[in-house]
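Asks: Turn these sequences into a full structure, and let the hints guide you.
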Amino acid sequence: MSARWRRNPLGWIGIGLLTMILAMAVGANWLAPYDPARLTGKPFEPPSPAHWLGTNDIGQDILSELIFGARVSLLIGVLSALIAIGIGTTVGLLAGFYRGALDALLMRLVDVMLIIPVFPLMVLLAAYLGQSLWNLVVVIGILGWARPARIIRSQVLSLTERDYVLAARAIGARNARIVWRHVLPGVLSLALAQFVLAASSAILTEAGLSFLGLGDPTQKSWGSMLYYAQARNAFLSGAWLWWVLPPGLMIAASVLGFALSGFALEDSLNPHLRAR
Numbered sequence: 001m002s003a004r005w006r007r008n009p010l011g012w013i014g015i016g017l018l019t020m021i022l023a024m025a026v027g028a029n030w031l032a033p034y035d036p037a038r039l040t041g042k043p044f045e046p047p048s049p050a051h052w053l054g055t056n057d058i059g060q061d062i063l064s065e066l067i068f069g070a071r072v073s074l075l076i077g078v079l080s081a082l083i084a085i086g087i088g089t090t091v092g093l094l095a096g097f098y099r100g101a102l103d104a105l106l107m108r109l110v111d112v113m114l115i116i117p118v119f120p121l122m123v124l125l126a127a128y129l130g131q132s133l134w135n136l137v138v139v140i141g142i143l144g145w146a147r148p149a150r151i152i153r154s155q156v157l158s159l160t161e162r163d164y165v166l167a168a169r170a171i172g173a174r175n176a177r178i179v180w181r182h183v184l185p186g187v188l189s190l191a192l193a194q195f196v197l198a199a200s201s202a203i204l205t206e207a208g209l210s211f212l213g214l215g216d217p218t219q220k221s222w223g224s225m226l227y228y229a230q231a232r233n234a235f236l237s238g239a240w241l242w243w244v245l246p247p248g249l250m251i252a253a254s255v256l257g258f259a260l261s262g263f264a265l266e267d268s269l270n271p272h273l274r275a276r
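The opening residue of the sequence shown carries number 1 in our numbering; numbering runs sequentially from there.
Hint data in this document are derived by calculation from the structure and do not stem from the laboratory.
Please note that the accuracy of each hint is not assured.
Said to hold, decoys possible - Now the in silico label distances, taken between C-beta atoms and shown as ranges:
no., residue 1, residue 2, range
1, 163, 115, 32 to 40 Å
2, 114, 42, 44 to 52 Å
3, 245, 176, 48 to 56 Å
4, 252, 217, 21 to 29 Å
5, 114, 217, 28 to 36 Å
All residues carry an ideal CB built from backbone N, CA and C; glycine is no exception.
Replies: Dropping the structure here:
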């Protein structure tokens with residue numbers, strides 16, 4: 001871990017937030033006071049010792065929903081980010097290493113992906129594919145690879161001019177071997193930083209899509225909690241304080257945690273940022 005990372009307090013704040021949320025997701029079975037699917041109280045029951053965050057419109061414990069929702073939201077964020085970074089890293093490697101016509105073609109595709117309104121396109125695809133957790137993962141992942149691809153391509157362009165890569169070319173090493181042995185290891189750390197930032201964006205996007213009713217109705221995430229709260233009159237009944245605010249704060253905390261960690265990693269690992 002670089003000294004630049006150790007001196008970045010925002011990075012440590014991000015790590016702390018993510019650790020807390022990950023512990024909540026992993027320990028949901030022990031932390032949640034009730035089964036989130038059970039009816040354990042009266043409808044719209046306010047916070048009390050029996051239900052710390054009250055109940056929803058049918059009497060389910062909101063704290064239990066919040067804790068178990070961390071699993072779904074984190075799962076969607078991480079899997080979507082893996083897809084986005086997998087595609088982005090592949091495109092960045094191909095464009096930066098082979099250059100020429102392939103580079104021009106791939107970068108024009110990246111430019112198109114960066115200028116089109118991605119969220120409306122996600123809404124259309126999610127509505128077309130149907131309400132499913134895995135459909136959300138695929139839609140968010142395949143539309144989030146452009147920014148990582150551009151950044152990784154820049155790193156690959158720099159790496160291909162290094163002495164050890166030029167020496168490998170000179171002795172006749174195959175392109176696939178050069179990429180695998182010399183170029184890919186040089187971009188993995190930067191890809192990790194982009195993965196963290198992509199997970200942040202994916203969690204926020206999932207919350208937006210679920211709030212519009214495009215999430216998986218069989219899986220409770222923080223976004224779907226907001227959808228049901230809005231659809232079932234949480235604001236009119238006054239239950240928004242314990243039904244809307246907690247999942248909204250958890251979404252904000254997770255996005256902030258991933259974003260701060262990702263920016264700290266990027267600042268520590270990206271040579272262009274270090275130069276500035």
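Asks: State for each hint whether it applies.
Replies: Results for each hint:
| no. | hint | verdict |
| --- | --- | --- |
| 1 | 163 <-> 115: 32 to 40 Å | 37 Å, holds |
| 2 | 114 <-> 42: 44 to 52 Å | 50 Å, holds |
| 3 | 245 <-> 176: 48 to 56 Å | 53 Å, holds |
| 4 | 252 <-> 217: 21 to 29 Å | 24 Å, holds |
| 5 | 114 <-> 217: 28 to 36 Å | 32 Å, holds |
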